[in-house]
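Chains as they are written, first to last, in the working numbering: chain A, 1 to 535; chain B, 1 to 365.
There could be a bad hint or two in this list.
Claimed, not checked - Only part of the chain A face toward chain B is listed, based on derived beta-carbon distances under 8 Å:
# : residue
1 : Pro221
2 : Gln472
3 : Asp476
4 : Met477
As the list claims (entries may be wrong) - Each computed BS3-like pair below joins lysine-lysine, with the alpha-carbon atoms no more than 30 Å apart:
# : chain 1 : residue 1 : chain 2 : residue 2
5 : A       : Lys492    : B       : Lys289
6 : B       : Lys80     : A       : Lys492
7 : A       : Lys177    : A       : Lys69
To be clear, the hints were calculated from the coordinates, so they are not data collected in a lab.
No residue lacks a Cβ here, since even glycine has one placed at the ideal position from N, Cα and C.
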Amino acid sequence: MAEGIFSKFKEYSVAEFFKKNRQMLGFSGKVRSLTTIVHEYVTNSLDACGEAGVFPEIEVWVDEEGEGKCRVKVRDNGPGIPKSHVGKALGVMLAGTKFNRYVQQRGQQGIGATGCTMYALVTTGKPIKVLSTHAGTRLECEVGIDFRNNKPLVNVLSEAPGEGSGLEIGGSFGEVKHEKSAYGVYEYLRRTAIANPHATIIFNSGPERFVFPKSVEGLPPKPAEVKPHPLGISAHDLIEKARGAPYQKVSAFLQEEFVRVSLNKVKELQEAVPEVDLGKKPAALTWEDAERLVAGFGKVKWIAPATDSVVPIGTGQVEKSLNSIIGPEFMYVTQRSPKIYRGGIPFVVEAALAYNGKGANGEILRFANRAPLLFDAGGCSITQTIKDVDWKRYGVKSLEEEPLSIFVHFASVHVPYTSAGKQSISDEEEVVDEIRNAVMEAARSLQRHLSGKRRDKELKGKRSAVLRYVEQLSKDMSELGGGKAADGEEVKGRLLKMVEERYGHGKDEGQAEEGAGGREEGEAPPGDGEGGEEE
Amino acid sequence: MSDKAALEKLEKLGKSMLQQVKAGVSPTFETPLRSKGNVEYEEGLGYLRLGAKKEERTFLNVGQARTFMQTVAVANKTKKFVKEDLHTSIRGLYYQLKFSLGEDVDESLFEEQSESNVLIEDLEVALGVKREDLHLTTDRKGVVAGEMRVRDNFAGEETVIDCAKQGRSGWMIPSDVDNGMEFVDVEADYVLVVEKDALWQRLNEDRFWKKENCILVTPKGQASRGTRRLLRKLADKRLPVYVMTDCDAWGWYIYWTIKTGSMNLAYLGRDFSIPESRFLGVTMADIEKYAFLKKLTINAKPVDLKRAEEMLGYPWISKHKEWALELKKVLKMKKKLEQDALQGERLTFVGEYVREKIEKKQWLP
Numbered sequence: 001m002a003e004g005i006f007s008k009f010k011e012y013s014v015a016e017f018f019k020k021n022r023q024m025l026g027f028s029g030k031v032r033s034l035t036t037i038v039h040e041y042v043t044n045s046l047d048a049c050g051e052a053g054v055f056p057e058i059e060v061w062v063d064e065e066g067e068g069k070c071r072v073k074v075r076d077n078g079p080g081i082p083k084s085h086v087g088k089a090l091g092v093m094l095a096g097t098k099f100n101r102y103v104q105q106r107g108q109q110g111i112g113a114t115g116c117t118m119y120a121l122v123t124t125g126k127p128i129k130v131l132s133t134h135a136g137t138r139l140e141c142e143v144g145i146d147f148r149n150n151k152p153l154v155n156v157l158s159e160a161p162g163e164g165s166g167l168e169i170g171g172s173f174g175e176v177k178h179e180k181s182a183y184g185v186y187e188y189l190r191r192t193a194i195a196n197p198h199a200t201i202i203f204n205s206g207p208e209r210f211v212f213p214k215s216v217e218g219l220p221p222k223p224a225e226v227k228p229h230p231l232g233i234s235a236h237d238l239i240e241k242a243r244g245a246p247y248q249k250v251s252a253f254l255q256e257e258f259v260r261v262s263l264n265k266v267k268e269l270q271e272a273v274p275e276v277d278l279g280k281k282p283a284a285l286t287w288e289d290a291e292r293l294v295a296g297f298g299k300v301k302w303i304a305p306a307t308d309s310v311v312p313i314g315t316g317q318v319e320k321s322l323n324s325i326i327g328p329e330f331m332y333v334t335q336r337s338p339k340i341y342r343g344g345i346p347f348v349v350e351a352a353l354a355y356n357g358k359g360a361n362g363e364i365l366r367f368a369n370r371a372p373l374l375f376d377a378g379g380c381s382i383t384q385t386i387k388d389v390d391w392k393r394y395g396v397k398s399l400e401e402e403p404l405s406i407f408v409h410f411a412s413v414h415v416p417y418t419s420a421g422k423q424s425i426s427d428e429e430e431v432v433d434e435i436r437n438a439v440m441e442a443a444r445s446l447q448r449h450l451s452g453k454r455r456d457k458e459l460k461g462k463r464s465a466v467l468r469y470v471e472q473l474s475k476d477m478s479e480l481g482g483g484k485a486a487d488g489e490e491v492k493g494r495l496l497k498m499v500e501e502r503y504g505h506g507k508d509e510g511q512a513e514e515g516a517g518g519r520e521e522g523e524a525p526p527g528d529g530e531g532g533e534e535e
Numbered sequence: 001m002s003d004k005a006a007l008e009k010l011e012k013l014g015k016s017m018l019q020q021v022k023a024g025v026s027p028t029f030e031t032p033l034r035s036k037g038n039v040e041y042e043e044g045l046g047y048l049r050l051g052a053k054k055e056e057r058t059f060l061n062v063g064q065a066r067t068f069m070q071t072v073a074v075a076n077k078t079k080k081f082v083k084e085d086l087h088t089s090i091r092g093l094y095y096q097l098k099f100s101l102g103e104d105v106d107e108s109l110f111e112e113q114s115e116s117n118v119l120i121e122d123l124e125v126a127l128g129v130k131r132e133d134l135h136l137t138t139d140r141k142g143v144v145a146g147e148m149r150v151r152d153n154f155a156g157e158e159t160v161i162d163c164a165k166q167g168r169s170g171w172m173i174p175s176d177v178d179n180g181m182e183f184v185d186v187e188a189d190y191v192l193v194v195e196k197d198a199l200w201q202r203l204n205e206d207r208f209w210k211k212e213n214c215i216l217v218t219p220k221g222q223a224s225r226g227t228r229r230l231l232r233k234l235a236d237k238r239l240p241v242y243v244m245t246d247c248d249a250w251g252w253y254i255y256w257t258i259k260t261g262s263m264n265l266a267y268l269g270r271d272f273s274i275p276e277s278r279f280l281g282v283t284m285a286d287i288e289k290y291a292f293l294k295k296l297t298i299n300a301k302p303v304d305l306k307r308a309e310e311m312l313g314y315p316w317i318s319k320h321k322e323w324a325l326e327l328k329k330v331l332k333m334k335k336k337l338e339q340d341a342l343q344g345e346r347l348t349f350v351g352e353y354v355r356e357k358i359e360k361k362q363w364l365p
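Taking the hints into account, I'd like the entire structure generated from these sequences.
Now the structure itself:
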């Protein structure tokens with residue numbers, strides 16, 4: 001996609017092109033555009049902090065500036081950006097540091113922050129303001145873009161010695177709308193906080209301030225950088241990778257830069273795509289060649305890659321973060337073992353159910369590599385799979401009306417997005433199966449909780465129904481039998497004891513049954529879900 | 001039943017419950033089942049009564065806890081009435097027991113009188129006592145005139161009532177004719193029961209009871225408990241009891257309730273039924289016999305026909321050929337005749353009618 005964008009830079013003005021194609025970058029609709037801007041900055045901040053090995057502390061400001069305009073500012077405690085890279089990072093497309101690496105990350109196109117710069121310029125004509133503290137220097141500058149040449153325009157406002165590090169970036173954006181909806185910035189940040197319990201995220205929405213504090217001690221492991229598997233690469237990535245590769249032949253490039261590619265496999269591949277010359281220089285690969293090669297990869301039987309490149313959030317972490325942000329009465333978190341889709345791409349699905357907390361009724365919290373997916377819910381296989389579950393079987397009458405938050409996280413070095421907007425996951429068979437299994441496992445546990453609760457409530461109801469008559473009955477009974485007032489008290493005591501024996505121990509019964517019926521999967525990590533059961 | 005006997009029964013119930021509680025079991029009492037499935041008619045007895053089926057009422061059962069507590073409350077309250085020798089109606093009892101179960105409980109011991117009414121019946125059946133024995137009164141209904149005298153011990157005074165000296169109004173039958181009340185003498189050959197007060201007044205004006213030496217009673221429709229008890233006591237004095245009602249299903253139902261008791265009140269049994277009573281009229285056969293009556297019939301209503309069909313279905317009624325015939329005639333002709341129609345030709349005809357029927361033994365069983 002991005003390839004297409006840049007091949008056309010020379011023919012159109014970038015601004016014009018951007019106006020026509022901005023939906024590809026997530027700038028479609030006023031609400032979504034604002035969320036996209038925040039998403040790009042926050043994602044960069046989280047990644048930068050991850051790289052630097054610090055607990056992210058990210059503060060976001062959104063202030064309305066009149067008709068369809070907002071001022072957005074994001075501040076982090078990451079490493080900042082050196083002066084030499086500011087222009088490249090924020091004013092040139094495809095210049096991100098993460099672009100040429102095959103590693104599990106939130107964004108991989110590298111057009112995000114520059115896209116925001118463009119959006120600001122196109123909608124308000126104003127550049128982006130940057131305040132970066134890096135390696136002892138505090139740099140304040142404005143960044144714009146020379147559209148004609150796809151070059152950054154950096155206007156340094158001040159440069160002085162500074163302590164610590166961090167980045168503050170922001171600007172004025174038009175054609176945006178700030179609202180507290182399922183698609184707005186608040187919801188985006190709330191979900192980002194859920195998937196990133198190691199981060200503190202603060203949101204200043206005008207005069208309102210929301211804090212999502214860090215809920216775990218311990219940084220997530222850095223995802224290992226691994227060579228890609230042939231089945232997990234797109235034509236675009238292939239070209240980018242080939243461009244700087246120091247090999248004489250494509251065949252050598254493939255064997256050296258990819259896992260599971262042997263001489264024999266290269267021969268098989270050549271047979272599958274005779275029209276591509278594997279003897280030519282990698283840099284000479286055309287877009288068409290790349291597309292053919294990717295199609296060819298699919299025809300060859302590969303050994304699956306190792307799965308250790310996938311880093312899930314972790315059940316304990318998810319539990320803590322859901323407890324902190326949703327605070328449910330009951331919760332069940334599960335992590336499936338790594339699986340492979342499309343024959344070669346490893347992935348892990350994590351799912352959680354949080355019942356009766358602060359979440360919206362029946363909300364589906366979708367994540368891919370810790371980034372929340374807010375839009376295109378209808379087309380997402382996570383949403384579809386969850387809606388296809390027969391919830392009534394699990395004691396949930398209507399998903400939309402129950403205080404139930406459903407969390408699904410998809411982690412992989414390659415996320416099968418349905419479109420460039422990166423907001424929904426396509427219905428890969430293996431992925432759908434895993435999501436379904438994970439959600440159903442959690443649902444079974446919820447069912448046990450709900451039926452136990454019902455039983456409990458029933459018993460409690462019975463107990464109180466009988467209990468309220470004890471006083472009157474013992475008085476009448478002892479008088480009727482000819483006793484004294486003192487006897488009435490004794491009768492009352494005995495009756496109360498009987499009622500308690502009959503109806504007072506519902507809890508024990510319920511738990512015994514729950515223990516017997518539970519854990520048939522044998523996969524749930526110890527401690528999962530139990531925390532939420534106490535009342 | 002004497003007050004002492006009633007008190008003993010109530011206390012026994014309380015004591016057995018207290019023993020159960022002491023033994024650590026849910027307080028429970030047994031009572032004959034009052035549903036229609038447990039109503040029996042026994043040939044030799046001639047009245048409806050409850051069968052052997054029993055049911056258990058227990059406190060530690062969510063479905064029964066409230067009614068159990070209420071029943072004990074009713075028992076205890078009536079025990080007080082008996083002890084203090086005071087009487088009240090079932091409505092009075094209801095008001096005595098209509099109070100909140102506690103400050104924090106949004107519930108009263110009784111919410112509706114209908115709740116306490118059935119529990120009184122429960123208690124009557126379970127203990128084998130009459131509500132009158134528990135000092136609960138019912139509305140008075142029914143009037144009597146004739147050569148009989150009754151001694152009434154009431155409110156600390158003793159009065160002898162002469163039923164032959166009650167003028168135009170007669171003696172209103174009290175709700176309880178057993179406790180504190182006894183016959184001094186009864187000088188009569190038979191008892192005549194007429195369904196309607198109007199007819200009773202007609203016959204009273206004729207001094208019919210004096211001329212015929214009978215006891216003249218009207219239940220004023222369906223017979224009250226007191227009236228049925230009085231009739232039972234008169235029948236026990238070997239007086240034949242003749243009943244006259246309208247010639248329609250409702251009238252006949254009044255007769256059959258007097259004679260055998262009804263399904264709903266089967267628990268009352270022998271004390272409230274007079275199996276030896278006889279039916280004088282008015283009958284469908286009368287219409288054919290007395291020409292002037294033919295013109296005085298009126299159309300039967302659907303409810304009359306439905307009741308006639310029901311009665312045909314009761315074996316203790318349909319076993320009598322005469323009754324089956326009468327009921328079938330009603331269903332066929334779809335007509336009915338009021339007893340008042342007997343006055344159609346001349347006012348004193350009623351007396352002649354009764355005399356002739358009794359003399360010629362033209363009654364139905």
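**OP:** Classify the hint on A/Pro221 as holds or violated, based on whether any CB of chain B lies nearer than 8 Å to its CB.
**Re:** violated, 55 Å
Original post:
Does the structure keep B/Lys80 and A/Lys492 at a Cα separation of 30 Å or less?
Top reply: holds, 21 Å
Original post:
Should the interface hint for A/Asp476 be scored as holding, given a Cβ-Cβ cut-off of 8 Å against chain B?
Top reply: With Cβ-Cβ at 4 Å, under 8 Å, it holds.
Original post:
Holds or violated: are the alpha carbons of A/Lys492 and B/Lys289 at most 30 Å from each other?
Top reply: violated, 72 Å
Subject >> Per-residue hint verdict: A/Gln472, partner chain B, C-beta under 8 Å >> reply: Check passed: Cβ of A/Gln472 comes within 6 Å of chain B, closer than 8 Å.
**OP:** Compare the distance between the alpha carbons of A/Lys177 and A/Lys69 with 30 Å, and conclude whether the hinted pair is satisfied.
**Re:** Judged against 30 Å, a Cα distance of about 7 Å means the pair holds.
**OP:** Go through the hint on A/Met477 and say holds or violated, using the shortest Cβ distance to chain B against 8 Å.
**Re:** Since the shortest Cβ distance to chain B is 5 Å, the answer is holds.
The structure is inconsistent with the numbered hints 1, 5, although it conforms to all the rest.
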